[in-house]
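Chemist: Here are the chains, one letter per residue:
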Amino acid sequence: MLFGMTALAIPVIVHLLNRRRFKKLPWAAMRFLQVSLERNQRRMKVEDWILLLLRLAIVALLALALARPAAAWLDSQSLGSKIASSIIIDSSGSMTRKDQGTEKTRFELAREFGSEVVTALPRGSAAAVIFAANSTGSGITEPTHDLVRAEKILSGDNSANLTNRSSDLMPAVKAALASLESRSAAQKELILITDGDANAWNQFESIMRSLESSPEDIRTVIAVIGQSPGENLAITRLAQNTPVTAVGQPVRLAVEVSNFGSIDADDIPIQLIINGNPSGDPVEIESLPPGEARTLTLFAQLPSPGLHQLGVSIPGNDASSTDDSRVLVVRAIEKERALLIDGLPSRNPTDAETFFLENALVPVPPELKDSFFLGADRLTVAGLEEIKDPELAGYRAVFLANVQDFSSEVTNKLKNFIINGGGLIVFPGNNINASWYNSELHKKNGILPAEFGEIIPGENDVTELRLQASGYDHPLVELWNDPGAGTLAEVNIRKAFELRLTPVTGQPSQAMPAARVVLRYNTGSPAVVESDLGLGKVYQFSTTADTEWNNLPVQPAFLPIVHRVFGSVLARGDAGLNISVGDSFVRRGPAEWKNKKAQIYKPNSGGIGDKITITADGDGSRVTYDAVQTAGVYELSVPGMLPLTFAATADPNESNPEPLSEAQIQRLKGVADIIYATAGGQLSELLDRERSGTELWPFFLLAAGLLAIIELFLSQRFSQEK
Amino acid sequence: MNTDSLNLLDAGTLARADKLGMAARFIVEGYMAGEHKSPYRGFAIEFSQHREYSPGDDVRHLDWKVLGKTDRYYIKQYEQETNFVAHLLIDGSESMKYGSGDTTKLDYAKMAIACLAFLIIKQRDAVSLSLFDNETRDELPRGNTQNHLFNILERLTAFDASGETDLPGQLHNIAKKSQRKGLVIVASDFFDDEDAILDAVQHLRFVGHEVIALQVLDHDELDFPFSGLIEFEGMENIPNIKTRPSEIRKSYLEEFKAFQEKLEQGFRRNSCHFVQCDTSRPLEDVLGSYLTFRREMSGK
Numbered sequence: 000m001l002f003g004m005t006a007l008a009i010p011v012i013v014h015l016l017n018r019r020r021f022k023k024l025p026w027a028a029m030r031f032l033q034v035s036l037e038r039n040q041r042r043m044k045v046e047d048w049i050l051l052l053l054r055l056a057i058v059a060l061l062a063l064a065l066a067r068p069a070a071a072w073l074d075s076q077s078l079g080s081k082i083a084s085s086i087i088i089d090s091s092g093s094m095t096r097k098d099q100g101t102e103k104t105r106f107e108l109a110r111e112f113g114s115e116v117v118t119a120l121p122r123g124s125a126a127a128v129i130f131a132a133n134s135t136g137s138g139i140t141e142p143t144h145d146l147v148r149a150e151k152i153l154s155g156d157n158s159a160n161l162t163n164r165s166s167d168l169m170p171a172v173k174a175a176l177a178s179l180e181s182r183s184a185a186q187k188e189l190i191l192i193t194d195g196d197a198n199a200w201n202q203f204e205s206i207m208r209s210l211e212s213s214p215e216d217i218r219t220v221i222a223v224i225g226q227s228p229g230e231n232l233a234i235t236r237l238a239q240n241t242p243v244t245a246v247g248q249p250v251r252l253a254v255e256v257s258n259f260g261s262i263d264a265d266d267i268p269i270q271l272i273i274n275g276n277p278s279g280d281p282v283e284i285e286s287l288p289p290g291e292a293r294t295l296t297l298f299a300q301l302p303s304p305g306l307h308q309l310g311v312s313i314p315g316n317d318a319s320s321t322d323d324s325r326v327l328v329v330r331a332i333e334k335e336r337a338l339l340i341d342g343l344p345s346r347n348p349t350d351a352e353t354f355f356l357e358n359a360l361v362p363v364p365p366e367l368k369d370s371f372f373l374g375a376d377r378l379t380v381a382g383l384e385e386i387k388d389p390e391l392a393g394y395r396a397v398f399l400a401n402v403q404d405f406s407s408e409v410t411n412k413l414k415n416f417i418i419n420g421g422g423l424i425v426f427p428g429n430n431i432n433a434s435w436y437n438s439e440l441h442k443k444n445g446i447l448p449a450e451f452g453e454i455i456p457g458e459n460d461v462t463e464l465r466l467q468a469s470g471y472d473h474p475l476v477e478l479w480n481d482p483g484a485g486t487l488a489e490v491n492i493r494k495a496f497e498l499r500l501t502p503v504t505g506q507p508s509q510a511m512p513a514a515r516v517v518l519r520y521n522t523g524s525p526a527v528v529e530s531d532l533g534l535g536k537v538y539q540f541s542t543t544a545d546t547e548w549n550n551l552p553v554q555p556a557f558l559p560i561v562h563r564v565f566g567s568v569l570a571r572g573d574a575g576l577n578i579s580v581g582d583s584f585v586r587r588g589p590a591e592w593k594n595k596k597a598q599i600y601k602p603n604s605g606g607i608g609d610k611i612t613i614t615a616d617g618d619g620s621r622v623t624y625d626a627v628q629t630a631g632v633y634e635l636s637v638p639g640m641l642p643l644t645f646a647a648t649a650d651p652n653e654s655n656p657e658p659l660s661e662a663q664i665q666r667l668k669g670v671a672d673i674i675y676a677t678a679g680g681q682l683s684e685l686l687d688r689e690r691s692g693t694e695l696w697p698f699f700l701l702a703a704g705l706l707a708i709i710e711l712f713l714s715q716r717f718s719q720e721k
Numbered sequence: 000m001n002t003d004s005l006n007l008l009d010a011g012t013l014a015r016a017d018k019l020g021m022a023a024r025f026i027v028e029g030y031m032a033g034e035h036k037s038p039y040r041g042f043a044i045e046f047s048q049h050r051e052y053s054p055g056d057d058v059r060h061l062d063w064k065v066l067g068k069t070d071r072y073y074i075k076q077y078e079q080e081t082n083f084v085a086h087l088l089i090d091g092s093e094s095m096k097y098g099s100g101d102t103t104k105l106d107y108a109k110m111a112i113a114c115l116a117f118l119i120i121k122q123r124d125a126v127s128l129s130l131f132d133n134e135t136r137d138e139l140p141r142g143n144t145q146n147h148l149f150n151i152l153e154r155l156t157a158f159d160a161s162g163e164t165d166l167p168g169q170l171h172n173i174a175k176k177s178q179r180k181g182l183v184i185v186a187s188d189f190f191d192d193e194d195a196i197l198d199a200v201q202h203l204r205f206v207g208h209e210v211i212a213l214q215v216l217d218h219d220e221l222d223f224p225f226s227g228l229i230e231f232e233g234m235e236n237i238p239n240i241k242t243r244p245s246e247i248r249k250s251y252l253e254e255f256k257a258f259q260e261k262l263e264q265g266f267r268r269n270s271c272h273f274v275q276c277d278t279s280r281p282l283e284d285v286l287g288s289y290l291t292f293r294r295e296m297s298g299k
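Chains as they are written, first to last, in numbering that gives the first Met the number 0: chain A, 0 to 721; chain B, 0 to 299.
Okay, chain A solo, but in the shape it has when bound (with noise of 0.2 Å):
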């Protein structure tokens, strides 16, 4: 408003300007003119004056019009206020739950508030619906003055917008509150419309500066529904522990059921599911107190080799019916064997380098190694110089200990076999060429993640080298965050190379991959570090297959560590097939799948699926989904291919019911209404009460035009001859 006074100098300036553009002309005939002037002085100035002040008056009465006064007074239904409101509606799993004594769900409850407060603005309103899970949303995010299009969306079938998401509604709460600031109505309000369920407000302080440091003029109301927490039981976690899964083997898996309600749960049965069908009796919980959660280990055979869709459910007469089963997709193998390269033969097999890593992989008795669902073979160096690709494409790993170095020939063999699908695992020692390695491994064709460096510890070193004790990050390791799996702690290493990571500037390349640490010394030097190449893996170790240099390949340790190794390379080319809800679906293809038109059937589609393209990725190709919104079984189809499944898993923190607390509402209060909405017409009633007045802008511009038309008349009669 004040910006829009400051216009008012607009005229003063032309005027003073005007004055500085008098055209100079030397005039003989002067006498005649000053007494025409005299004649005409007084009208004119009065004439100017007049034409000053209404080039004034409809300045001001434009800025008036912009500043868009609303003036409380007036009340007129035909001009009322216009308002400018975005509607969030949370979108997030906790509000698929049906509350005690009531038929629907949260979700539906919001709809329906939000389809009142849309109907009950005023002519000319604007409005805009976002549906908002933890992002800023879909729907319609900017306000619209098609009230009837938002309408639509609010009492139409939008199932589709409710997703299993976790919540935060940060996001939205910003975005809508950017989106009505840039807006020029004179009411502006933000309504939210959520459970109050503590997890959508982990950004608790965030959105309330965000509240705080909005325009006074934008009017915040919350409005809270649901009731109470109803009881709820549900599965909070599924996890498959087996490293490798084998067809006919067993499958270890975890699983997390946690109390929501308030009452102890007793006789929960759990049950398993493979591809959709139960298998077995249901295994059964005692009794589960209010807030507690158990973990129970379940296993389950896969009936044959390729994706299989693992599932635990529970009896589903609870607040919420999403999170009584979660489903993992696996892939089950035949068998698949490794390639391990022995640097220095012996004739003692018990001396050869590659002895225990071949006892680890197949650890069963000379009989059973053929049934087994893991082989090994051993090779010497000639004969990795030997062998054919082919051959060695029917391997899934190979396994370097000890190896002085190769041919180059061998090198790229070995970098077509990692980018393809394959593993790369060396084991250095007293026999390597360690510079070799750097340079034409490392360096050259980027296939070792690290460098190897000087020998560890140093002489003057007194400190003892060991496997870090705890804090294992890397899945690889997390096993023995578990004290119950024993330690690596007591692992002794007498020897091992300092590996040396590239520093990683901007985005790894195909040349130089990222490293990830795996697991490190005591002394924080990287112990294993791994990357991916291509479509495979690599992974680096500090010390020797053998017992030369370390007590490792004697210790229980060294078997699921060589398992989970040749376990993580089998599943490099399945990463992905289970995330979470509102994640990407991202699956790297061969270069046969570019351009090619694939469809995602979605969980309970009914055959219907969405259409994408798969896009070129190098030199393959990548399949991306983002509307991954619900939990369950996607299926990927792909043309000329076997289809494709994955799983996506809610955030089990919806399940916990937990709502604001009294101080967080106290807070919530100073910055926003809230209104416990029970019933229909609460929220719109509210929203009435602050909504009277008129805007007075059209009056203003109307009466701005009328001056505008009586100065261009004015200034037409003042400036006619006289």
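The set of hints was computed from the structure by calculation and includes no laboratory data.
Because the structure is a prediction, the values reported are computed rather than measured.
Quick reminder that beta carbons are idealized off the backbone N, C-alpha and C, glycines included.
Just to be clear, a hint being listed does not mean it is correct.
[To be verified] Result set (DSSO-like, lysine-lysine): computed pairs, CA atoms no more than 27 Å apart in a straight line:
#, chain 1, residue 1, chain 2, residue 2
1, A, K44, B, K241
2, B, K261, A, K22
3, B, K96, A, K22
4, B, K256, A, K23
5, A, K387, A, K368
6, B, K249, A, K44
7, B, K241, A, K22
[As the list claims (entries may be wrong)] Here are the in silico distance ranges between beta carbons for each label pair:
#, chain 1, residue 1, chain 2, residue 2, range
8, A, R20, B, Q264, 35 to 43 Å
9, B, E263, A, Q40, 27 to 35 Å
10, A, R20, B, D194, 38 to 46 Å
11, A, R20, B, S270, 46 to 54 Å
12, A, R20, B, K180, 53 to 61 Å
13, A, L52, B, L228, 17 to 25 Å
14, A, D47, B, S270, 43 to 51 Å
15, B, H218, A, L52, 37 to 45 Å
16, B, S161, A, G704, 53 to 61 Å
[What the hints assert, rightly or not] Which chain A residues face chain B? A few, computed with CB under 8 Å, are given here:
#, residue
17, F31
18, Q33
19, L36
Position chain B relative to chain A; hints supplied.
Modeler: This is chain B only, laid out in the frame that chain A set:
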């Protein structure tokens, strides 16, 4: 007036006559060619004596009576009557500097006076010249020779406008100085006190002068066609005026018309010729007015 074209027409005399003279001659002769009467018969020429004809003499001047009586060819010779004199006056005040186009009022006045001087001297009448603003800036006594004409043209060419005007004072001066009756031709814009001017004209008439007033005005002064915002810069020490001229045009034209009517009526009352010369129009009007006057005089 295209004086350049005159140079081509009469290149032989170019060395002796300046542009003003050439232009004046061209205008006068061109004008007279259309009159079908001998232009060179003034008031002042009277028979003087006879002399014997010699080849090359104009046969129109043969005295046929003498030829009939004596069978000899005699040519009539005439001499100028010394009593008639035309006093040519030009107002050289600063207001005469004004000109909306290439020609200022002073340029126009100078050309008009040059033409008249040329015409009168061709008629063997005597001409005096007086150039003034609020005092006499230059003057030439009467004369009727070709050299006198050249002197007049030179003085006119060198004359430039400056200073304030005192037209009545100058007219009174002429009235006082020239007791013998003659013709007073004044070229001015007459932007002065009109009552005082008419007093002075009356004075001139009282001493027996005929008066021809050539009021030289620019077309803009007559029409006042300006628009927008204009600062009029006063000449002759009059302060500037800033105004929107379109808003006072009507009033200006009324004032101007009243002034003109008063002047014209005053001159008419004194039996004087008042000729308004618009600098955007050709000079023939001026010459026409002079010749009208001459005819009227001849008819008396």
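Chemist: Indicate, hint by hint, whether the structure satisfies it.
Modeler: Each hint, compared with the structure:
1. Taking the CA atoms of K44 of chain A and K241 of chain B, the gap is near 13 Å; set against the 27 Å cutoff, the hint holds.
2. About 32 Å separates the Cα atoms of K261 of chain B and K22 of chain A, which puts this hinted pair outside 27 Å; it is violated.
3. Restraint check for K96 of chain B and K22 of chain A: the C-alpha separation of about 19 Å stays at or below 27 Å, so the hint holds.
4. At most 27 Å may separate the alpha-carbon atoms for a hinted pair to count; K256 of chain B and K23 of chain A meet this at roughly 25 Å.
5. Between K387 of chain A and K368 of chain A the alpha-carbon distance is near 25 Å, which keeps this suggested pair within the 27 Å criterion.
6. For the hint pairing K249 of chain B with K44 of chain A, the CA-to-CA distance comes to about 18 Å; that is within 27 Å, so the pair holds.
7. Between K241 of chain B and K22 of chain A the alpha-carbon distance is near 9 Å, which keeps this suggested pair within the 27 Å criterion.
8. At about 42 Å, the CB distance of R20 of chain A to Q264 of chain B agrees with the hint of 35 to 43 Å.
9. A C-beta distance of roughly 29 Å is found between E263 of chain B and Q40 of chain A, which places it inside the suggested range of 27 to 35 Å.
10. Hint check: R20 of chain A to D194 of chain B, Cβ distance near 40 Å, so the stated range 38 to 46 Å holds.
11. Taking the beta carbon of each, R20 of chain A and S270 of chain B are about 51 Å apart, inside 46 to 54 Å as hinted.
12. Range check, R20 of chain A to K180 of chain B: Cβ separation about 57 Å, and the 53 to 61 Å hint holds.
13. A C-beta distance of roughly 20 Å is found between L52 of chain A and L228 of chain B, which places it inside the suggested range of 17 to 25 Å.
14. At about 49 Å, the CB distance of D47 of chain A to S270 of chain B agrees with the hint of 43 to 51 Å.
15. Distance hint check: the CB atoms of H218 of chain B and L52 of chain A are about 39 Å apart, consistent with the given range 37 to 45 Å.
16. In this structure the hint that S161 of chain B and G704 of chain A lie 53 to 61 Å apart at CB holds, the actual value being about 56 Å.
17. Against a cut-off of 8 Å between C-beta atoms, the interface hint on F31 of chain A holds, since the closest Cβ of chain B lies about 4 Å away.
18. The interface hint given for Q33 of chain A is met, as the beta carbon of that residue sits about 7 Å from the closest beta carbon of chain B, less than 8 Å.
19. At a threshold of 8 Å, the smallest CB-CB gap from L36 of chain A to chain B is about 6 Å, leaving the interface hint in force.
The structure does not agree with numbered hint 2 stated previously, though it agrees with all others.
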